[in-house]
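Enquirer: Chain residues, written in single-letter form:
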Amino acid sequence: MRPLKHLFGITDLDSEQIKYLVNLGHSFIDINRRSIKKAPTLRGKTIINLFFENSTRTRTSFELAGKRLSADVINISASTSATKKGESLLDTGMTLAAMQPHILVIRHSIAGTCEFLAEHLGDTSIVNAGDGAHEHPTQILTDLLTLKQTWDSMEDKVITIVGDIAHSRVARSHLIAAKKLGYKMRVVAPKTLLPSDIERYGCEVYHDFDAALPGSDAVYMLRMQTERMTDNCSIPSIREYHEAYGLNRARLNAAGSDTLVLHPGPMNRGVEIATDVADSVNSHVLSQVEHGVAIRMAVLAALCGGNDAEEISPKRNRRTKREMEEDAMKSKEGFWS
Amino acid sequence: MTDTVLFDNTALEDALIRMATAIAGTEIYLVGIHSGGAKVANAIQIQLEDAGNTVHRGNLDISFYRDDLDTIGPNPEVRPSELPFDVSGKEVWLVDDVLYSGRTIRAAMDELFDYGRPSSIKLAILVDRGGRQLPISANCVGLTHNAPANCTVKLITKGTWHIEQRQVK
Amino acid sequence: MSISLLIKGGRVIDPANAIDEVCDLWIEDGHIAGIGAFDGVAESTIDATGKIVSPGLIDMHVHLREPGQEWKEDIESGSRAAVAGGITTMCCMPNTGPHIDHAGIARQIIERSNQVGLCNVLPIGAVTKNLDGKELTEMRELSRAGCVAFSDDGMPIWHAGVMRKALEYSSSFDYMIIQHAEEKQLTGDGCINEGWISTQLGVTGMPVEGEDSMIARDIMLTRRANARYHVAHISSFGGVAMVRAAQAEGLKVSTEAAPHHFALTEDEVLGYNVDAKMSPPLRTEADRLAVIEGLRDGTIEVIATDHAPHHDDDKRCGLSCAAFGIVGLETMLPVSLDLVRNDVLTMSDLIAKMTCNPARLLNLDAGTLSISSAADITLFDPEETWIVDRNKLVSKGKNTPWHGREMTGKVNYTLKGGNIVFNATASIAEEG
Chain C
85 MRPLKHLFGI
95 TDLDSEQIKY
105 LVNLGHSFID
115 INRRSIKKAP
125 TLRGKTIINL
135 FFENSTRTRT
145 SFELAGKRLS
155 ADVINISAST
165 SATKKGESLL
175 DTGMTLAAMQ
185 PHILVIRHSI
195 AGTCEFLAEH
205 LGDTSIVNAG
215 DGAHEHPTQI
225 LTDLLTLKQT
235 WDSMEDKVIT
245 IVGDIAHSRV
255 ARSHLIAAKK
265 LGYKMRVVAP
275 KTLLPSDIER
285 YGCEVYHDFD
295 AALPGSDAVY
305 MLRMQTERMT
315 DNCSIPSIRE
325 YHEAYGLNRA
335 RLNAAGSDTL
345 VLHPGPMNRG
355 VEIATDVADS
365 VNSHVLSQVE
375 HGVAIRMAVL
385 AALCGGNDAE
395 EISPKRNRRT
405 KREMEEDAMK
415 SKEGFWS
Chain Z
7 MTDTVLFDNT
17 ALEDALIRMA
27 TAIAGTEIYL
37 VGIHSGGAKV
47 ANAIQIQLED
57 AGNTVHRGNL
67 DISFYRDDLD
77 TIGPNPEVRP
87 SELPFDVSGK
97 EVWLVDDVLY
107 SGRTIRAAMD
117 ELFDYGRPSS
127 IKLAILVDRG
137 GRQLPISANC
147 VGLTHNAPAN
157 CTVKLITKGT
167 WHIEQRQVK
Chain B
52 MSISLLIKGG
62 RVIDPANAID
72 EVCDLWIEDG
82 HIAGIGAFDG
92 VAESTIDATG
102 KIVSPGLIDM
112 HVHLREPGQE
122 WKEDIESGSR
132 AAVAGGITTM
142 CCMPNTGPHI
152 DHAGIARQII
162 ERSNQVGLCN
172 VLPIGAVTKN
182 LDGKELTEMR
192 ELSRAGCVAF
202 SDDGMPIWHA
212 GVMRKALEYS
222 SSFDYMIIQH
232 AEEKQLTGDG
242 CINEGWISTQ
252 LGVTGMPVEG
262 EDSMIARDIM
272 LTRRANARYH
282 VAHISSFGGV
292 AMVRAAQAEG
302 LKVSTEAAPH
312 HFALTEDEVL
322 GYNVDAKMSP
332 PLRTEADRLA
342 VIEGLRDGTI
352 EVIATDHAPH
362 HDDDKRCGLS
372 CAAFGIVGLE
382 TMLPVSLDLV
392 RNDVLTMSDL
402 IAKMTCNPAR
412 LLNLDAGTLS
422 ISSAADITLF
432 DPEETWIVDR
442 NKLVSKGKNT
452 PWHGREMTGK
462 VNYTLKGGNI
472 VFNATASIAE
482 EG
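Chains as they are written, first to last, in my numbering: chain C, 85 to 421; chain Z, 7 to 175; chain B, 52 to 483.
It should be emphasised that the hints constitute simulated quantities derived from the structure, not laboratory data.
Note that CB positions come from ideal geometry on N, CA and C, so glycine has one too.
There could be a bad hint or two in this list.
[Unchecked claim] Ranges between beta-carbon positions, derived for each pair:
(1) A182/C - R191/B: 55 to 63 angstroms
(2) S172/C - P90/Z: 49 to 57 angstroms
(3) R456/B - D116/Z: 50 to 58 angstroms
(4) R86/C - E457/B: 29 to 37 angstroms
(5) D240/B - V373/C: 28 to 36 angstroms
Only chain C is shown next, with the shape it has when bound in the complex:
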């Protein structure tokens, strides 16, 4: 298996690596459940969580993951960082890299931030904790670990993802993972919330939520950024959005009693998801949170292991479209076989 130097996105992983990280995450679940939640795996490693966007849960998840593996973890958020003083992103990155951390975990509102920094930051491994509307790989690995608890294989499963697909890095990362692992994605949204040419990911596109429900093995609800949406005319009102695209009990029943409900959090109860659905037995939202810590432990351990690890994508910035598509088409085997 190709060793990992960075984790920019699902795009850069082959199915074997995805399987490996999910399985590694599985073996960390136990550590998080016992009374002494600590292993010495990353003793002496330094991890900096550099968050330019607010995110309580992802940052906490990465912080716990690092600390439970005995790494020294520093958190920097945009509000306390030098960016407020006009320092450029690159200078902030190079300054932190000069302090010799092993891993920089980065969240930024600009797509491609991790690839951009990696070009200039030498040895430091970079983990993408979400970049603009581009990728959010640890969320997708988390979801796969969660689904693994219920499903034997991802092969031919149908995940229906609903909401602001246009601005969703979770949706994009899932669409890429689906091709690699052989599951199917349905995307559901009004056209105002869909990016151009979305069908080229090989997904089914629906504007009618009710039509997409039958046959859905999981329904994945995305968070609605409510203020932004009405201001730019993407939706007329929260009320109408909930009526058209909210997951309520009737819709869950239409999908099926075994249908799993996922949400990357934080949830807007009463907007994209009704409270009784959020709290139902079908909901795996809290499992996702729990597994998120285990997956992030796995990612950090995988990046720290093996000094002779080759860079996974040394010249990502010059990859051609064909290479990207070939990657996407690689090996569609079910990954728990």
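Given the coordinates of chain C, assemble chains Z and B onto it according to the supplied hints.
Expert: Structure of chains Z and B alone, referenced to chain C:
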């Protein structure tokens, strides 16, 4: 490269019986170390249960407790540790197939302590091949063989069990 | 007969005079003295065997950054880059600081370029004061100061009412309006073409309708005003089609294409390549082919670079934040020569799009090899190959998408007014 069978199946069977006899007691907490130690622990468990002892089994995967993660990276075959009993106040038998440097045992003890505080930890080893790098010795040893440093000693469980010595460059 | 400079044995191509033959060209007192078989004594001679001798190239769309952003480019560095690319006349856009929206700045630029003395620099005046799209500039005054056309380039003249007035007023005096056609209400904070690439990269796109809708609006206004309207850097299938239809209708609508828009597509941006970010953005293969077809059938009369030098500080900040624009002066000719190699254009037609065609649109006394015209001449080898190295570009701007790629076609000499202002051999010797 030369492969030598150090101990054949008969020698191993005898050793496992001797080990079970030495470990025997009323309540036994037996923890195998993935993956060879877990197999040895299974074999000893059968002997002990046949003799009427009560055995509590657990397994440890010490991948996350190794001191050489930097050079080798996480093991792709890593499995979750399973300790379905509370180790606090118990006498716990750690079981492994081959004892060499002692680093695996140290890592296993570290992990065990993260589950609780056993009253004591004892070590049962199928083969002690010498070459210790840490002050660790087993309480119960099935077989002994001083292997040269340029050799690996392995428990082979494919087919009939035996112990193999292989010279490496 | 005794003359000052003889260019001997080259393939002389002068589209304006329908000349394309292997012969001599000679120069006296900074002017073209003759074309044919020279029989006499020359003070100096350039052997042009195997080379093409063309009128000095004209680039009617350049950002020189002086005054105001001299760390990105200035008139001297821009002039050096231009002549290295075979360009002897260029038109600079008014988005400087201060803008070219009053005569003083236009005169200052012309005076400075005369001091530098390498390349003719002709300013394009602003259409609106401050480029803010509200009040018209004093176009007559700017024209007297040397402005050859009017544009708010960088910004569109977005307000339809202002655009109508601008077209009506400018055409009263036969001035041409050059439009950066972009409906900002549609393109918003987009940074690349909207489509499959922008979706994969997760960045906001600029829909092609942003360009098309403004061209459509402008053509209607041009029809009403009977104005002269020129679409800058056309990049879309729809845009080319509308300009073609307008020309067929007899409207005074013209357009130009930048080399990157007929050589590259949006695929260049994959991997967040900031040096492939410009406005209008690189578009799809269908758009690229439409631009090539427009060049072939004559809808697009001019090739111009939209040379937009930026400092690394403005580019090294991630795709969404990076400045729009790429440099182009030094790569215009070799990239465009692909149109000849791919049988889109004859060599003469290609040279016309970089010489007499822009000269005709802008009423310039340039772009030909007519006897007694100024000896602005470009001498290039269409077969010589070289590798683009961003660090060796003459321009201060290093933002080129062609870094590391092989170019076929190299400028050997550039002459302005009979003087050698660029000599490839000498510049190599200097480097050594």
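Enquirer: Hint by hint, note whether the structure agrees.
Expert: Each hint, compared with the structure:
Between A182/C and R191/B, the C-beta spacing of about 58 angstroms keeps the proposed range 55 to 63 angstroms intact. Separated by about 54 angstroms at the C-beta atoms, S172/C and P90/Z satisfy the suggested range of 49 to 57 angstroms. Checking the proposed 50 to 58 angstroms range against R456/B and D116/Z shows it holds: the Cβ atoms sit about 56 angstroms from each other. The hinted window of 29 to 37 angstroms between R86/C and E457/B holds, with their beta carbons roughly 31 angstroms apart.
The hinted window of 28 to 36 angstroms between D240/B and V373/C holds, with their beta carbons roughly 33 angstroms apart.
The structure is consistent with each of the numbered hints, conforming to all of them.
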